[in-house]
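Note that the protein sequences, when read in sequence, are chains A and B. All the letters of the first sequence, read from the start, carry residue numbers 1 to 223 under my numbering. All the letters of the second sequence, read from the start, carry residue numbers 1 to 223 under my numbering.
Be careful, since some hints might not be right.
No copy is singled out in the list; a pair is fine if it fits within one copy or between any two copies.
To be verified - In the SDA-like style, the derived pairs of lysine to any residue whose C-alpha atoms are separated by at most 25 Å in a straight line are:
no., residue 1, residue 2
1, K111, K130
2, K130, A49
3, K130, N102
4, K69, E114
5, K188, E84
6, K188, R152
7, K188, G109
8, K34, A122
9, K53, P18
10, K173, D215
11, K219, P193
12, K191, S35
13, K45, L203
Calculated directly from the structure, the hints in this document are not laboratory data. The model shown is predicted, which means the values in this text are computed figures rather than measured ones.
Number of protein chains: 2
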Amino acid sequence: MDSFPEIAKNSETIIRMPTVRRLPRYLRLLIELKSEGKDFVSSEKIAQALDLKPIVVRKDLAFTGNCGKPRLGYSIEHLIISIENVINFRGKDTAFLAGVGNLGSALLGYKGFEKYGLNIAAAFDLDKEKVNKTVHNKDVYPLEMLPVLAARLHPYIGILCVPEESAQEVVEKMVSCGIKGIWNFSNKELKVPADVVLQNEDLAAGLAVLSISIDKKSKAPVQ
Amino acid sequence: MDSFPEIAKNSETIIRMPTVRRLPRYLRLLIELKSEGKDFVSSEKIAQALDLKPIVVRKDLAFTGNCGKPRLGYSIEHLIISIENVINFRGKDTAFLAGVGNLGSALLGYKGFEKYGLNIAAAFDLDKEKVNKTVHNKDVYPLEMLPVLAARLHPYIGILCVPEESAQEVVEKMVSCGIKGIWNFSNKELKVPADVVLQNEDLAAGLAVLSISIDKKSKAPVQ
DNA sequence: TATATATCGATATTTTAGTATCGAAAAATA
DNA sequence: TATTTTTCGATACTAAAATATCGATATATA
Chain A
1 MDSFPEIAKN SETIIRMPTV RRLPRYLRLL IELKSEGKDF VSSEKIAQAL DLKPIVVRKD
61 LAFTGNCGKP RLGYSIEHLI ISIENVINFR GKDTAFLAGV GNLGSALLGY KGFEKYGLNI
121 AAAFDLDKEK VNKTVHNKDV YPLEMLPVLA ARLHPYIGIL CVPEESAQEV VEKMVSCGIK
181 GIWNFSNKEL KVPADVVLQN EDLAAGLAVL SISIDKKSKA PVQ
Chain B
1 MDSFPEIAKN SETIIRMPTV RRLPRYLRLL IELKSEGKDF VSSEKIAQAL DLKPIVVRKD
61 LAFTGNCGKP RLGYSIEHLI ISIENVINFR GKDTAFLAGV GNLGSALLGY KGFEKYGLNI
121 AAAFDLDKEK VNKTVHNKDV YPLEMLPVLA ARLHPYIGIL CVPEESAQEV VEKMVSCGIK
181 GIWNFSNKEL KVPADVVLQN EDLAAGLAVL SISIDKKSKA PVQ
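From just these sequences and the hints, can you work out the full model?
Right under this line is the structure:
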């Protein structure tokens, strides 16, 4: 009856966001372990390396449909494949980036994205000084060319690094070109249609957490 | 008996992290509303602007020790002050930044940090080409000078933008100089002493969430 | 001044995330 | 081959976060 015995029976159907956020960390560790020639790893070892609890690791990995082996742990090879399948499900996601300022340029130069299935196919800017050049080997086009290039390259994801004033306008352009997800690095609260996903990266949020955590720790009676 | 009637009696003592992450969003909105000349705002209005539910807003704001007025909502002025008090509690937090690559430079140029109480006092790099220059008006020093400058400037926060290979080494240098919080933009899993706070900013986590959310939405039966 | 209405905030409930426990299973060892 | 040991994964439990309900209250309106 069960044609996939190596898939955990109880592997939960809906993956949870805290788990999703940890998957890249597992992936990085596993790739490192593989390069060291290791074949198996236990949830205990993973937990130690990533400062998590073993039970969290086991629950997370259950979502990827993996089966660990008693006394051995998980097959590193299999884990890498199944995590990559979860994160990187559509192969290389074609993305457009708008706003080649400091942060936009930094993202264009970030080598890690391809590992996670993201391919920034083109960059756009309003500034005449910045267009028709390349930044980190990525072509920068004037914003007007977005529809034309979108028709050719079919981007899924739009990475938004423009100033707040133009953010909503640029998003609407992206959405009308068929982009299905907006990765928003501006601090503008954007409105997108219901079928478009909006992922806000708020640096200030991380900073606020850090500040308050420092405060808490300094006041904590015992560590 | 109650000497602070304007402070909510039930204002919870321990603030929660999801709330902390939303505070900068409230703050940005409130500052905008104030600049428009508004005096009061309701949780309903805030929720609409930030795509939250009113009840979430009310619970979050309760943590800041604020009191809303029936039929009017919250005093924008008071809210701004109390949120700033929570986030920005030590005045301007002095920070050091290490690694003046693409991302490090982008962060040095980010104007928003001062709003949240962060002052990047100095930047450091190992690369001889990069040191003894300024990037976005911030001085870049050789890494060896970190202890000397730390003794003078007493940084609380270390912002880490160095390559993975040198991340642990740089962190240890920072920690030994008395830095109490590490804001880690490298993808290295760092070890820090128990009294130091580590805040990891993992771009891949955001990307994974975005990818999977797009997938979910495209499969969702009805929106 | 009396009444209607909008909005807060306390309490209770539900959902989600994380943690504990322990039996089962497979590899290692005797 | 039998036994021991390690590690998983199912179930149960606890904690955290989000959501629902509704009475209280201050403002606006009649």
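Consistency of the hints with the structure:
In this assembly of identical chains, K111 and K130 lie within 25 Å of each other by CA distance both inside one copy and across copies; the values are 21 Å within and 20 Å between. With identical chains, the CA atoms of K130 and A49 are never at most 25 Å apart, being 42 Å at best within one copy and 33 Å at best between copies. For the homomeric pair K130 and N102, the shortest alpha-carbon distances inside one copy (12 Å) and between copies (16 Å) are both at most 25 Å. Taking the shortest alpha-carbon separations for K69 and E114, neither the intra-copy value of 31 Å nor the inter-copy value of 51 Å comes in at or below 25 Å.
For the identical chains of this complex, K188 and E84 are inter-copy neighbours only, at 19 Å across copies versus 31 Å inside a copy, given an alpha-carbon limit of 25 Å. In this homomeric assembly, K188 and R152 never come within 25 Å of each other (Cα to Cα): the closest approach is 29 Å inside a single copy and 37 Å across copies. Proximity of K188 and G109 under a CA criterion of 25 Å is satisfied in both settings, with 23 Å inside one chain copy and 18 Å between copies. Proximity of K34 to A122 under the C-alpha cut-off of 25 Å is found in neither arrangement, the shortest distances being 33 Å within a copy and 38 Å between copies.
Taking the closest pair of Cα atoms, K53 and P18 come within 25 Å of each other both inside a single copy (14 Å) and across two copies (21 Å). Taking the shortest Cα distances, K173 and D215 sit within 25 Å of each other only across copies (22 Å), while inside one copy they are farther apart (43 Å). Proximity of K219 and P193 under a CA criterion of 25 Å is satisfied inter-copy only: 16 Å between copies versus 44 Å inside one chain copy. Only between protomers do K191 and S35 lie at most 25 Å apart by alpha-carbon distance; the minimum there is 21 Å, versus 44 Å within a single protomer.
Taking the shortest Cα distances, K45 and L203 sit within 25 Å of each other only across copies (24 Å), while inside one copy they are farther apart (31 Å).
Of the hints listed earlier, those the structure fails to meet are numbers 2, 4, 6 and 8, in rising order.
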